[in-house]
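**Q** Whole structure, please, built from the sequences with the hints as guidance.
When we follow the numbering used here, the leftmost residue of the sequence shown carries the number 864, and every step to the right adds one.
Please note that the accuracy of each hint is not assured.
What the hints assert, rightly or not - In silico PhoX-like links for lysine-lysine, alpha-carbon gap of 25 Å or less: (1) 1086 with 1034; (2) 1034 with 1020; (3) 983 with 1053; (4) 1044 with 953; (5) 983 with 953; (6) 998 with 1054; (7) 1020 with 1044; (8) 1044 with 1054.
What the hints assert, rightly or not - Here are the computed distance ranges between Cβ atoms for each label pair: (9) 1018 with 1065: 14 to 22 Å; (10) 1043 with 937: 23 to 31 Å; (11) 1025 with 1065: 21 to 29 Å.
Keep in mind the hints are simulated off the structure, nothing from the lab. Being a predicted model, the structure only gives us computed values, none of them experimental. Think of the CB as a built atom: it goes at the ideal place given N, C-alpha and C, for glycine as much as any other residue.
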Amino acid sequence: MSSPPSSQADSNDISNASDLKTEVDQIPHPSDDDTSDDDTSDADPLDHEPEINQIPNPSDDGDSDADPVSYFQNVSLRFYAAEPLRIIRKHEYFMALCLGYNNPEAHYIKGLNLYFFYHKPTRALEHLRQSANGKYDKGTYLCGLLMLCRGNIEEGKELLDTLDWEHTLHKSDSCWIKIQKTLSDYSIPKKARYYINLDKLQPLPRCDLLNTEHLCKNCYYFKRVEQFIYYITHR
864 MSSPPSSQAD SNDISNASDL KTEVDQIPHP SDDDTSDDDT SDADPLDHEP
914 EINQIPNPSD DGDSDADPVS YFQNVSLRFY AAEPLRIIRK HEYFMALCLG
964 YNNPEAHYIK GLNLYFFYHK PTRALEHLRQ SANGKYDKGT YLCGLLMLCR
1014 GNIEEGKELL DTLDWEHTLH KSDSCWIKIQ KTLSDYSIPK KARYYINLDK
1064 LQPLPRCDLL NTEHLCKNCY YFKRVEQFIY YITHR
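**A** Printed below as a string of structure tokens:
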């Protein structure tokens, strides 16, 4: 499945990032308990947040045989994919249904929060793999990138290769631009293993690292990890 088109929710709907940061600051700091990410407390709806129907209503489209599997597997969550921390305080039941029916966008949101907020990388990467298996491009890109950063080099390369970067960087660049905006809501530590694995990806001397149009297997992966490290270091 190709990356979902850019929407108003991705760029203009969420007009005040400070509102989100204030709300996130009010969330209790996660403990090591596996239930720490199952907060179901009700909060007042945020401005512009879409209303979510927890159960599909067949009368909406006149189809009395609406299939819940298809509904929860394919329902768009792009509003929450743009700012996943919003899902923590509400709609956990709806998210659980989407995850249960293997919605790739839901796996991406869950993976983001587990990795960057709850700091549970093993569980996070399981969800991001599921997102990639569902052909969700941002899930594929982020999973591949984190695999490279964490030293799972071959798996990371295989994931990123599915984005067809050898022919065009459009899909890779589009994913990174959207992910970068989402990551701005998290506090991301700079881990030594990221730098160690960046060194392992060091390309051959003949690669032109300053040429953004240069494409080869020797430097593509290096540039992607370097881009991620530069972002978390200088933002």
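**Q** Evaluate each hint against the coordinates.
**A** Hint check results:
Of the supplied pair hints, the one linking residue 1086 and residue 1034 holds, its CA atoms being roughly 15 Å apart against a limit of 25 Å. Using a Cα cut-off of 25 Å, the hinted pair residue 1034 and residue 1020 holds, with the two alpha carbons roughly 15 Å apart. Straight-line distance between C-alpha atoms of residue 983 and residue 1053 comes to about 16 Å, which keeps the hinted pair within the 25 Å bound. Between residue 1044 and residue 953 the alpha-carbon distance is near 22 Å, which keeps this suggested pair within the 25 Å criterion.
For the given pair, residue 983 sits about 20 Å from residue 953 by alpha-carbon distance, which is consistent with the 25 Å threshold. Between residue 998 and residue 1054 the alpha-carbon distance is near 28 Å, which puts this suggested pair outside the 25 Å criterion. Restraint check: the Cα-Cα separation between residue 1020 and residue 1044 comes to about 23 Å, which is no more than 25 Å; the hinted pair holds. For the suggested pair residue 1044 and residue 1054, the alpha carbons sit about 20 Å apart, so the restraint of at most 25 Å is met.
Judged by the Cβ atoms, the range 14 to 22 Å given for residue 1018 and residue 1065 holds: they are separated by roughly 19 Å. At roughly 26 Å, the beta carbons of residue 1043 and residue 937 sit within the given window of 23 to 31 Å. Against the hinted window of 21 to 29 Å, the Cβ-Cβ separation of residue 1025 and residue 1065 comes to about 24 Å, which satisfies the hint.
When held up to the earlier numbered hints, the structure conflicts with hint 6 and nothing else.
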